[in-house]
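Chains as they are written, first to last, in full-length UniProt numbering: chain A, 1 to 167; chain B, 1 to 148.
One thing to keep in mind: the hints can contain errors.
Calculated lysine to aspartate or glutamate pairs in the DMTMM-like style (CA-CA distance at most 25 angstroms, straight line) [claimed, not checked]:
hint	chain 1	residue 1	chain 2	residue 2
1	A	LYS101	B	ASP17
2	A	LYS101	A	GLU71
3	A	LYS101	B	ASP97
4	A	LYS152	A	ASP75
Here are a few chain B residues that face chain A, going by a calculated C-beta distance under 10 angstroms [as the list claims (entries may be wrong)]:
hint	residue
5	GLY15
6	ALA18
7	THR42
8	SER49
9	ARG53
10	GLY108
11	ARG114
Computed from the model, here is a short list of chain A residues facing chain B with C-beta under 7 angstroms [to be verified]:
hint	residue
12	GLU25
13	SER62
14	SER93
The set of hints was computed from the structure by calculation and includes no laboratory data.
The C-beta atom is built at its ideal place from N, Cα and C for all residues, glycine as well.
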Amino acid sequence: MLALTLLLCTLRLVVMETALDANAELIERQRQQLLEVATPVIKLWEGTVAVPLIGTLDSARSQVVMESLLEAIVDQRARYAILDITGVPTVDSLVAQHLMKTVAAARLMGAECIVSGIRPAIAQTIVQLGIDLGTVLTRASLSDALAYALSKQGIEVSRTDAGASAR
Amino acid sequence: MQPSGQATATSLPIGSDADLAWVRQHVRQCAAQLGFGLVQQTKLVTAASELARNTLVHGGGGRAEITPLDNGRTRGLRMRFIDSGPGIRDLELAMTDGYTSGGGLGLGLSGARRLVHEFGVDTEPGRGTTVTAVAWVAPVPSSRPGVG
Ligand SMILES: Nc1ncnc2c1ncn2[C@@H]1O[C@H](COP(=O)(O)OP(=O)(O)OP(=O)(O)O)[C@@H](O)[C@H]1O
Ligand SMILES: [Mg+2]
Chain A
1 MLALTLLLCT LRLVVMETAL DANAELIERQ RQQLLEVATP VIKLWEGTVA
51 VPLIGTLDSA RSQVVMESLL EAIVDQRARY AILDITGVPT VDSLVAQHLM
101 KTVAAARLMG AECIVSGIRP AIAQTIVQLG IDLGTVLTRA SLSDALAYAL
151 SKQGIEVSRT DAGASAR
Chain B
1 MQPSGQATAT SLPIGSDADL AWVRQHVRQC AAQLGFGLVQ QTKLVTAASE
51 LARNTLVHGG GGRAEITPLD NGRTRGLRMR FIDSGPGIRD LELAMTDGYT
101 SGGGLGLGLS GARRLVHEFG VDTEPGRGTT VTAVAWVAPV PSSRPGVG
């Protein structure tokens, strides 16, 4: 069983290596494109924007995210900015530091930042790493974060009678 | 730590951010195949990310050696991060929460140590640094020995 695991690990590596050699340049180009494409800032509501982060949050990526978020905060006159990290597989000390810097910068622009989508395994890992996200406002999900932002702006979401009976 | 199974290491280069992503991916897939649960996988990948980045940033690059283990009772994964960079002059200081010689959080080394079961640093100024981290699928309760 261990031998099989070893074999699988090794085989996959050979496959990956071959693929990388052949496509290194293509991959690098696609990575650059992804940098720009994969960081849309979405207006969720008047005064509320969100960035759904997906994939690896390296320094270059974080820089792009921060810039587009700050820009959107100005353009949309957003008071609330949501960083959703549901699609971020690993939160290490560098990623956490990037998140905290983005939150601090958004704060300077007059917007409150909410980090949502921290999965249970990641939450446990962050705590054991020793990262203190105490100063960062967090919510379990993007919808919780939106509900928070709306309620802070005095907006109430309720089900109408029609909607309730239709269920 | 005596692996009864032959320890065949997989060696991965660490020379760029893309290499770091690759190391993480490899560790995640090996850990999953060895039977680590999701939380343990996440911890292993995060520890690997910290240590590989140290190899890249502080050690000037190097390589990772990922080795599946089997001690006859349970399976495990050994991760070794090797560079021939400047080494660590004051290891105790480097292992302190919050200490960084750059602009980091200073949680990479000390945090990674908490994420695994066995942890060891072999370093010599001017010669380089090797960090070894081991985790077991089913560790013996309350035994967390260090590795040389
Ligand atoms: N492979 C290495 N070679 C040389 N020095 C190292 C190495 N790994 C760690 N160090 C030293 O130990 C210090 C602490 O490392 P640690 O990973 O805890 O923090 P950091 O890398 O500075 O910040 P971060 O929290 O982002 O990881 C580093 O600042 C560096 O001086
Ligand atoms: Mg580090």
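Hints, verified against the model:
no. : hint                  : in the structure
1   : LYS101(A) to ASP17(B) : 20 angstroms, holds
2   : LYS101(A) to GLU71(A) : 15 angstroms, holds
3   : LYS101(A) to ASP97(B) : 19 angstroms, holds
4   : LYS152(A) to ASP75(A) : 20 angstroms, holds
5   : GLY15                 : 12 angstroms, violated
6   : ALA18                 : 7 angstroms, holds
7   : THR42                 : 4 angstroms, holds
8   : SER49                 : 4 angstroms, holds
9   : ARG53                 : 6 angstroms, holds
10  : GLY108                : 5 angstroms, holds
11  : ARG114                : 5 angstroms, holds
12  : GLU25                 : 12 angstroms, violated
13  : SER62                 : 12 angstroms, violated
14  : SER93                 : 4 angstroms, holds
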